[in-house]
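A.B. asks: Starting from the structure of chain A, add chain B where the hints point.
Protein sequences appear in the order of chains A and B.
In terms of our numbering, the first sequence opens at residue 1 and continues consecutively.
In terms of our numbering, the second sequence opens at residue 1 and continues consecutively.
Hints were generated in silico from the structure; no laboratory data involved.
A few of these clues could be false.
Here are a few chain A residues that sit away from chain B, every Cβ distance over 12 Å (derived from the structure) [to be verified]:
| # | residue |
| --- | --- |
| 1 | M1 |
| 2 | F107 |
| 3 | A131 |
Derived Cβ-Cβ restraints for the label pairs, each shown as a range [as the list claims (entries may be wrong)]:
| # | chain 1 | residue 1 | chain 2 | residue 2 | range |
| --- | --- | --- | --- | --- | --- |
| 4 | A | T92 | B | R30 | 36 to 42 Å |
| 5 | A | G39 | B | P36 | 44 to 50 Å |
| 6 | B | T95 | A | E85 | 39 to 45 Å |
| 7 | A | A131 | B | A92 | 33 to 39 Å |
| 8 | B | K43 | A | L121 | 53 to 59 Å |
| 9 | A | L121 | B | D41 | 40 to 46 Å |
| 10 | A | E56 | B | G53 | 36 to 42 Å |
| 11 | A | A131 | B | E102 | 17 to 23 Å |
For every residue, glycine included, the Cβ atom is placed at its ideal position computed from N, Cα and C.
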Amino acid sequence: MIAFRSVPAGRDAKVALPLLDVYVDRAMTIPQTSLLDTGARGVRLSAEIARAVGVELPAEPNAPDVIVGGVRSQVHLVSHRLSVELDGRPVTWDAEVAFCAPWPHPFGLLGMTGFFDAFDLVLQGRDERFALTPRG
Amino acid sequence: MGRWYTRAVPTTRPRYQVTDTGRVGALLDRAAAAWPDIAHDRKRLLLRLAETGAEHLPQPADDLDGTLRDHAGQWVAIRDGRLLVAADDATAVVTWLQEHGERAEELYRVPASVEDLPAEHGLT
Numbered sequence: 001m002i003a004f005r006s007v008p009a010g011r012d013a014k015v016a017l018p019l020l021d022v023y024v025d026r027a028m029t030i031p032q033t034s035l036l037d038t039g040a041r042g043v044r045l046s047a048e049i050a051r052a053v054g055v056e057l058p059a060e061p062n063a064p065d066v067i068v069g070g071v072r073s074q075v076h077l078v079s080h081r082l083s084v085e086l087d088g089r090p091v092t093w094d095a096e097v098a099f100c101a102p103w104p105h106p107f108g109l110l111g112m113t114g115f116f117d118a119f120d121l122v123l124q125g126r127d128e129r130f131a132l133t134p135r136g
Numbered sequence: 001m002g003r004w005y006t007r008a009v010p011t012t013r014p015r016y017q018v019t020d021t022g023r024v025g026a027l028l029d030r031a032a033a034a035w036p037d038i039a040h041d042r043k044r045l046l047l048r049l050a051e052t053g054a055e056h057l058p059q060p061a062d063d064l065d066g067t068l069r070d071h072a073g074q075w076v077a078i079r080d081g082r083l084l085v086a087a088d089d090a091t092a093v094v095t096w097l098q099e100h101g102e103r104a105e106e107l108y109r110v111p112a113s114v115e116d117l118p119a120e121h122g123l124t
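In isolation and in its complexed conformation, chain A is listed as follows (with noise of 0.2 Å):
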């Protein structure tokens, strides 16, 4: 199981959430902490993070916009191979990321396409911890 993490937001709040570290890099290095996000239709990261460090992009957005808590970003939709490190072990797995530009947001999306149709998730909100398991 993996454990909710708890991030501040603001003065005095704290907030525990899902989250996993995606790494769109090979060596995995640099990751693009994650929400799990069952409300996303699919996969939204940083278009700016992704081209630091190094996935080539479309010139041109190639999807429709997404909006975002209230904020609109252009989609670079790629397929892309993804890696996240579970029980000690990266994972990988391919997928149709939109990478967004702007994206202002703390974390990506890990949503419904991309995500969720590779791994099985057992959700316990209760203790705050998560678990998932590659389809394969």
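C.D. replies: Same frame as chain A, now just chain B:
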């Protein structure tokens, strides 16, 4: 057995004796090679070694929370529960990691408030 003489010092705190030999001596030799500007001062080398080691220890969770609150709204990279770098934009964080050959375990923008957390429009 030799005796260790010292003059009275204005402290009631514990004092520790470290002998510059064996493993300690080898560490100080490495430190001298790394920091030639203070290579002549073995006591300063010892202190810097301790400080450098402490910087690589995991930060207690409460300390990290406090540190992160100071960086609300900024992008941060974290490893071993320790803040590596914080900056106003994500590219600066990635560039710093690359230039310093550092690997991060977490990279995100510290939420400024609960309302700052993302939710995709239309599917909440």
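A.B. asks: Are the hints correct? Go through all of them and say.
C.D. replies: Right, here's what the structure says about each hint:
1. M1: A/M1 is indeed farther than 12 Å from all Cβ atoms of chain B, at 18 Å.
2. F107: 5 Å, violated
3. A131: 20 Å, holds
4. A/T92 / B/R30: 36 to 42 Å: 38 Å, holds
5. A/G39 / B/P36: 44 to 50 Å: Violated: the Cβ-Cβ distance is about 57 Å, outside 44 to 50 Å.
6. B/T95 / A/E85: 39 to 45 Å: Because 23 Å falls outside the window, the suggested range is violated.
7. A/A131 / B/A92: 33 to 39 Å: 35 Å, holds
8. B/K43 / A/L121: 53 to 59 Å: Holds - the Cβ-Cβ distance for B/K43 and A/L121, about 56 Å, lies within 53 to 59 Å.
9. A/L121 / B/D41: 40 to 46 Å: 57 Å, violated
10. A/E56 / B/G53: 36 to 42 Å: Holds, at about 40 Å.
11. A/A131 / B/E102: 17 to 23 Å: 30 Å, violated
Consistency note: the structure conflicts with the earlier hints numbered 2, 5, 6, 9 and 11.
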